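In case you want the letters, here they are:
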Amino acid sequence: MKNVKFLLIGVLFGIVLSKGEIISWYRIYEMFRFQSFHMFGVIGSAVAIGVVIFYFFRKGALKTYLGQKIFIEPKKKGLQRNIYGGIIFGLGWGLVGACPGPMFILLGRGVLSIIVVIIGGLIGAMLYHAFKSKLPH
Amino acid sequence: MDIILQPWPWYVAGPLIALVMFLLFYFGKKFGVSSNLETICSIGGAGKIIDFFKFDWKQNSWNLMFMVGAVIGGFIAYQWMTPSEVVAINPKTAQELADLGFQNAGATFLPPELFSVDNIFTLKGFAILLISGILVGFGARYAGGCTSGHGIVGLSNLELPSLVSVIGFFIGGIVMTWFILPMLF
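Heads up: the protein sequence lines correspond to chains A and B, in order.
Each residue of the first sequence is one higher than the one before, counting from 1 in the working numbering.
Each residue of the second sequence is one higher than the one before, counting from 1 in the working numbering.
Calculated from the structure, these hints are not laboratory results.
All values derive from a computational prediction rather than experimental measurement.
Take these hints with a grain of salt, some might be off.
Derived pair list, reagent style PhoX-like, types lysine-lysine, alpha-carbon separation capped at 20 Å [to be verified]:
{"hint": "1", "chain 1": "B", "residue 1": "29", "chain 2": "A", "residue 2": "2"}
{"hint": "2", "chain 1": "A", "residue 1": "2", "chain 2": "A", "residue 2": "63"}
{"hint": "3", "chain 1": "B", "residue 1": "48", "chain 2": "B", "residue 2": "58"}
{"hint": "4", "chain 1": "B", "residue 1": "29", "chain 2": "A", "residue 2": "59"}
{"hint": "5", "chain 1": "B", "residue 1": "30", "chain 2": "A", "residue 2": "5"}
{"hint": "6", "chain 1": "A", "residue 1": "132", "chain 2": "B", "residue 2": "54"}
Coverage of chain B stretches by chain A, computed from C-beta distances (three or more under 8 Å per stretch; other residues unrestricted) [claimed, not checked]:
{"hint": "7", "region": "27 to 41"}
{"hint": "8", "region": "59 to 68"}
{"hint": "9", "region": "96 to 106"}
{"hint": "10", "region": "130 to 137"}
{"hint": "11", "region": "151 to 162"}
Beta-carbon label-pair distances, calculated as ranges [unchecked claim]:
{"hint": "12", "chain 1": "B", "residue 1": "49", "chain 2": "A", "residue 2": "68", "range": "36 to 46 Å"}
{"hint": "13", "chain 1": "B", "residue 1": "120", "chain 2": "A", "residue 2": "8", "range": "24 to 34 Å"}
{"hint": "14", "chain 1": "A", "residue 1": "72", "chain 2": "B", "residue 2": "61", "range": "18 to 28 Å"}
{"hint": "15", "chain 1": "A", "residue 1": "72", "chain 2": "B", "residue 2": "167", "range": "13 to 23 Å"}
{"hint": "16", "chain 1": "A", "residue 1": "8", "chain 2": "B", "residue 2": "171", "range": "32 to 42 Å"}
{"hint": "17", "chain 1": "B", "residue 1": "101", "chain 2": "A", "residue 2": "59", "range": "51 to 61 Å"}
{"hint": "18", "chain 1": "A", "residue 1": "35", "chain 2": "B", "residue 2": "61", "range": "38 to 48 Å"}
{"hint": "19", "chain 1": "B", "residue 1": "184", "chain 2": "A", "residue 2": "55", "range": "37 to 47 Å"}
{"hint": "20", "chain 1": "B", "residue 1": "49", "chain 2": "A", "residue 2": "115", "range": "19 to 29 Å"}
{"hint": "21", "chain 1": "B", "residue 1": "92", "chain 2": "A", "residue 2": "132", "range": "40 to 50 Å"}
Note that beta-carbon positions come from the ideal geometry of N, C-alpha and C, so glycine has one too.
Let the hints inform the model, and build the full structure from the sequences given.
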């Protein structure tokens, strides 16, 4: 039952991405065409506030609900994986207009075709782990 | 009430995403959606073919709950909070899309040209949905994160790998929307 709070945070996330139109294919298309400020504003303001929050995490001024210091696991090293993986991700994001969060939120809207995209996402994750030893990282 | 029913501007949505991230860290977890794809593979028995998926998925059950919550949040927003699905996109974008064959761009959240149920049963429609899903899933796990893990958390933590990943996201997205998409439609 202790996981119920994560369910509720997820509900908030689903509502925010829906109401902010971040789950709209058109908003993603517009972003990559640089024809609207909307998505840049969303990501930019989230990151700007995130930078401040993380500063207080590092300082120890903001702690977990149990009073522990918040540690942010650094990303894995190796920039090749980031650029190649990023480009592959971007090709898919630009085509279907949904990254992993919105995929599931769209499922909640009853968009049946997104099931095919989610299945693709699962296949993609499996393919990566099947072939990762052969890929540059 | 009207404010809730209207589309939320970026300066409302962005800070609320930061709040979601804060809450997850506050409760001792992290913010990253695409790792759920691996967790679902693991539950589905992918460990039988690929050793990586033999991990104990129960340690990620909190993130699955978050994901289920997101599905419910999508349902709630759709059912009770969105009287109009019109997306106020740039008229120039709408015109461009019309030229590509996307009718009534912005009239709903998603273009029926890609997402209609009929489209699932055409070879082209099905292939586009499946392949783009594969690219997103493969790319996210290769890069070690998606828009949430790299785009929001990693950038907030001023990490170089995340900046490089986000640059990659944009290279891919620009190549797709400027060059490949016009060839597909």
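Item to check | Hints violated by the structure (numbers, ascending) | outcome: none
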